[in-house]
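Listed in order, the protein sequences are those of chains A and B. Okay, so the first sequence: first residue is 1 according to UniProt numbering, each after it adds one. Okay, so the second sequence: first residue is 1 according to UniProt numbering, each after it adds one.
There could be a bad hint or two in this list.
[Claimed, not checked] In silico DMTMM-like cross-links for lysine to aspartate or glutamate, where the CA-CA straight-line distance does not exceed 20 Å:
no.: 1; chain 1: B; residue 1: K142; chain 2: B; residue 2: D69
no.: 2; chain 1: B; residue 1: K142; chain 2: A; residue 2: D122
no.: 3; chain 1: B; residue 1: K210; chain 2: B; residue 2: D221
no.: 4; chain 1: A; residue 1: K107; chain 2: B; residue 2: D148
no.: 5; chain 1: A; residue 1: K107; chain 2: B; residue 2: D147
no.: 6; chain 1: B; residue 1: K157; chain 2: A; residue 2: E121
no.: 7; chain 1: B; residue 1: K157; chain 2: B; residue 2: D65
no.: 8; chain 1: B; residue 1: K157; chain 2: B; residue 2: E143
no.: 9; chain 1: B; residue 1: K140; chain 2: A; residue 2: E91
no.: 10; chain 1: B; residue 1: K157; chain 2: B; residue 2: D105
no.: 11; chain 1: B; residue 1: K64; chain 2: B; residue 2: D105
no.: 12; chain 1: B; residue 1: K140; chain 2: B; residue 2: D69
no.: 13; chain 1: B; residue 1: K98; chain 2: B; residue 2: D147
no.: 14; chain 1: B; residue 1: K138; chain 2: A; residue 2: D122
no.: 15; chain 1: B; residue 1: K98; chain 2: A; residue 2: D82
no.: 16; chain 1: A; residue 1: K107; chain 2: B; residue 2: D69
no.: 17; chain 1: B; residue 1: K138; chain 2: B; residue 2: E124
no.: 18; chain 1: B; residue 1: K38; chain 2: A; residue 2: D82
no.: 19; chain 1: B; residue 1: K64; chain 2: A; residue 2: D102
no.: 20; chain 1: A; residue 1: K74; chain 2: B; residue 2: E107
no.: 21; chain 1: B; residue 1: K142; chain 2: A; residue 2: D102
no.: 22; chain 1: B; residue 1: K60; chain 2: B; residue 2: E2
no.: 23; chain 1: B; residue 1: K157; chain 2: A; residue 2: E91
no.: 24; chain 1: B; residue 1: K172; chain 2: A; residue 2: D102
no.: 25; chain 1: B; residue 1: K98; chain 2: B; residue 2: E181
no.: 26; chain 1: B; residue 1: K60; chain 2: A; residue 2: E91
no.: 27; chain 1: B; residue 1: K138; chain 2: B; residue 2: D65
no.: 28; chain 1: A; residue 1: K139; chain 2: A; residue 2: E123
no.: 29; chain 1: B; residue 1: K157; chain 2: A; residue 2: E123
no.: 30; chain 1: B; residue 1: K64; chain 2: B; residue 2: E124
no.: 31; chain 1: B; residue 1: K138; chain 2: A; residue 2: E123
no.: 32; chain 1: B; residue 1: K140; chain 2: A; residue 2: D82
no.: 33; chain 1: B; residue 1: K140; chain 2: A; residue 2: D122
no.: 34; chain 1: A; residue 1: K81; chain 2: A; residue 2: E91
no.: 35; chain 1: B; residue 1: K60; chain 2: B; residue 2: E104
no.: 36; chain 1: B; residue 1: K138; chain 2: A; residue 2: D82
no.: 37; chain 1: B; residue 1: K140; chain 2: A; residue 2: E123
no.: 38; chain 1: B; residue 1: K64; chain 2: A; residue 2: E91
no.: 39; chain 1: B; residue 1: K157; chain 2: A; residue 2: D122
no.: 40; chain 1: B; residue 1: K142; chain 2: A; residue 2: D82
Derived from the structure by calculation, the hints contain no laboratory data.
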Amino acid sequence: MLEWLNAHIAYWHWLVLGLLLVTAEIFVSGFILFWFGLAAVFMGVLLMLVGMPITAQLLIWAGLSIGLVFLWQKFIKPNWKDRTTSGMAMEALTGQVGSVIDSNIGKARGRMRFPAPILGEDEWMFMSTSEIAVGERVKVTNISGNTLVVSPL
Amino acid sequence: MEGLSVVLALVVLVIITVGMGVRIVPQGSKHIVQRLGKYHSTLNPGMNVIIPYVDQVPYKVTTKDIVLDIPSQEVITQDNATIIANAVAYINIVSPEKAVYGVEDYEIAIQNLVQTALRSIVGEMSLDSALSSRDLIKAKLKEAISDDIADWGINLKTVEIQDINPSTTMQKAMEEQAAAERQRRATVTRAEGEKQAAILEADGRLEASKRDAKAQVVLADASREAIERVTQAIGDQEMPVMYLLGERYINALEELSTSANAKNILLPADLPNAVKGLLNR
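Input sequences plus hints: build the corresponding full structure.
Following this line, the structure appears as structure tokens:
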């Protein structure tokens, strides 16, 4: 078996397997098969240049796949921008800046207004550890129920 | 041969492990990661890698707005009227980890909260104001629930009152009240009409009696005049009067005989004496 495989596995087998795996990625969810396919294509190219036994080929292929997934996750994906925060209330609200229209001095909560409605409402209740006067600008740091936690800008 | 088996097994292990470690979270949901049973992190939409075998994803939470139907319930207003109200609430999970670990079933929890808050808010209103001020109820509801759901990382976007109706018994009572009021008005109107009619009828009778009296006077005057004239014209002579009377008498008898309901006519044999008898002479 081993001899047979050693004798019959050619570089183009790896190329075909790689391309099939990359194609299969279209039909399966999850971004894993793509990296295995890419590693297989790599393997095919490598096999064109240097010959090696089938066990070594498989080991290199597996290692290469894990390496690619790791590299992708570690270095490329963090640089991808999140295009939308739709459906994500926390991400849509935190960091937004609005102005206070009803102070929280002497009260638990005040009111603030955003220049444009956020999550379908432009006026929100807010609370803060510091007392904020009317007209000051505040930044949202967190949400607690229907109340925003803000800090003065 | 042994080498190949080991390597093949290793390849299978690698594929399964990488498959377990890569998590694709679709937009609109977040996944909770537990590391060895303890909360570790929340995965945002996109591709995420977790440590296989150590990390698990026990909860997948939607961050889209959730429509919560608040079942209809009987609410008693301040003036002891029963109304049936139901609502629909739109909630949004802001912090999935709080929603998942803070409460057993946030949908049931919020449904019950909205129900009880609705009951207490309507309980402070009179029936008429409860039926007419939905916006006020909405605002108060939102404010009342806001504090309770803060611990669960859930944001109540809006709550809308769908139906707010008096209960069937109340509706019946209100209908009966309206019907009775109309009945009362109808009775009063009818009585007034009858009174008016009676007055008018009496007026009519009075007027008619006056005119009858006048007519009798006029008739009497006319008779007197006629009698005087006849007396003047005839003087002591008897025969012409007898003749005239007799003629009229016979004419009257003839008319009697032609009428449909008198078939037997008795004619006095001694006509002049009969006429005389009429005249009492």
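Now the hints, each set against the structure:
Under the criterion of a C-alpha separation no larger than 20 Å, the hint pairing B:K142 with B:D69 is consistent with the structure, at around 15 Å. For the given pair, B:K142 sits about 15 Å from A:D122 by alpha-carbon distance, which is consistent with the 20 Å threshold. For the proposed pair B:K210 and B:D221, the alpha carbon gap of about 17 Å is at most 20 Å, so the pair holds. For the suggested pair A:K107 and B:D148, the alpha carbons sit about 18 Å apart, so the restraint of at most 20 Å is met.
For the hint pairing A:K107 with B:D147, the CA-to-CA distance comes to about 15 Å; that is within 20 Å, so the pair holds. For the given pair, B:K157 sits about 9 Å from A:E121 by alpha-carbon distance, which is consistent with the 20 Å threshold. Under the criterion of a C-alpha separation no larger than 20 Å, the hint pairing B:K157 with B:D65 is consistent with the structure, at around 8 Å. Only pairs whose Cα atoms come within 20 Å are accepted, and B:K157 paired with B:E143 is accepted, the gap being roughly 11 Å.
Distance hint between B:K140 and A:E91 is unfulfilled; the C-alpha atoms sit about 27 Å from each other, more than 20 Å. For the hint linking B:K157 to B:D105, the alpha-carbon distance of about 19 Å falls within 20 Å, and the restraint holds. Between B:K64 and B:D105 the alpha-carbon distance is near 17 Å, which keeps this suggested pair within the 20 Å criterion. For the given pair, B:K140 sits about 18 Å from B:D69 by alpha-carbon distance, which is consistent with the 20 Å threshold.
Between B:K98 and B:D147, the direct Cα distance comes to roughly 14 Å. Compliance with the 20 Å bound is thereby established for this hinted pair. With a C-alpha separation of about 17 Å, the suggested pairing of B:K138 with A:D122 holds against the 20 Å cut-off. Distance hint between B:K98 and A:D82 is unfulfilled; the C-alpha atoms sit about 23 Å from each other, more than 20 Å. A hinted pair counts as satisfied when its Cα atoms are at most 20 Å apart, and A:K107 with B:D69 does not qualify at roughly 33 Å.
This hinted pair checks out: B:K138 and B:E124 have alpha carbons roughly 14 Å apart, not beyond 20 Å. For the proposed pair B:K38 and A:D82, the alpha carbon gap of about 28 Å is over 20 Å, so the pair is violated. For the suggested pair B:K64 and A:D102, the alpha carbons sit about 30 Å apart, so the restraint of at most 20 Å is broken. Pair hint A:K74 plus B:E107 does not hold up; C-alpha atoms about 37 Å apart against a cutoff of 20 Å.
Proximity of B:K142 to A:D102 is assessed by CA-CA distance (about 18 Å); at most 20 Å being required, the pair is judged to hold. Straight-line distance between C-alpha atoms of B:K60 and B:E2 comes to about 42 Å, which puts the hinted pair past the 20 Å bound. A hinted pair counts as satisfied when its Cα atoms are at most 20 Å apart, and B:K157 with A:E91 qualifies at roughly 16 Å. Annotation: proposed proximity of B:K172 to A:D102 is violated, straight-line Cα distance about 47 Å (limit 20 Å).
In summary, the hint linking B:K98 to B:E181 is not supported, as the alpha carbons are separated by about 57 Å, beyond the 20 Å threshold. Between B:K60 and A:E91 the CA atoms are separated by roughly 18 Å; this keeps the pair inside 20 Å, and the hint holds. With a CA separation close to 18 Å, the supplied pair B:K138 and B:D65 stays within the 20 Å bound. Our distance criterion of 20 Å between C-alpha atoms is met by A:K139 and A:E123, whose separation comes to about 14 Å.
With a C-alpha separation of about 12 Å, the suggested pairing of B:K157 with A:E123 holds against the 20 Å cut-off. For the suggested pair B:K64 and B:E124, the alpha carbons sit about 34 Å apart, so the restraint of at most 20 Å is broken. For a cut-off of 20 Å, the pair hint linking B:K138 to A:E123 stands: about 15 Å separates their Cα positions. At roughly 37 Å between alpha-carbon atoms, B:K140 and A:D82 are farther apart than 20 Å, so this suggested pair is violated.
Of the supplied pair hints, the one linking B:K140 and A:D122 holds, its CA atoms being roughly 18 Å apart against a limit of 20 Å. Under the criterion of a C-alpha separation no larger than 20 Å, the hint pairing A:K81 with A:E91 is consistent with the structure, at around 13 Å. At roughly 15 Å between alpha-carbon atoms, B:K60 and B:E104 fall within 20 Å of each other, so this suggested pair holds. Taking the CA atoms of B:K138 and A:D82, the gap is near 35 Å; set against the 20 Å cutoff, the hint is violated.
For the hint linking B:K140 to A:E123, the alpha-carbon distance of about 15 Å falls within 20 Å, and the restraint holds. Between the alpha carbons of B:K64 and A:E91 the distance comes to roughly 13 Å, so the proposed pair stays at or under 20 Å and holds. Among the hinted pairs, B:K157 with A:D122 is consistent with the structure: their alpha-carbon atoms are about 12 Å apart, no more than 20 Å. About 31 Å separates the Cα atoms of B:K142 and A:D82, which puts this hinted pair outside 20 Å; it is violated.
Violated hints, listed in ascending order, are 9, 15, 16, 18, 19, 20, 22, 24, 25, 30, 32, 36 and 40; each of the other numbered hints is respected by the structure.
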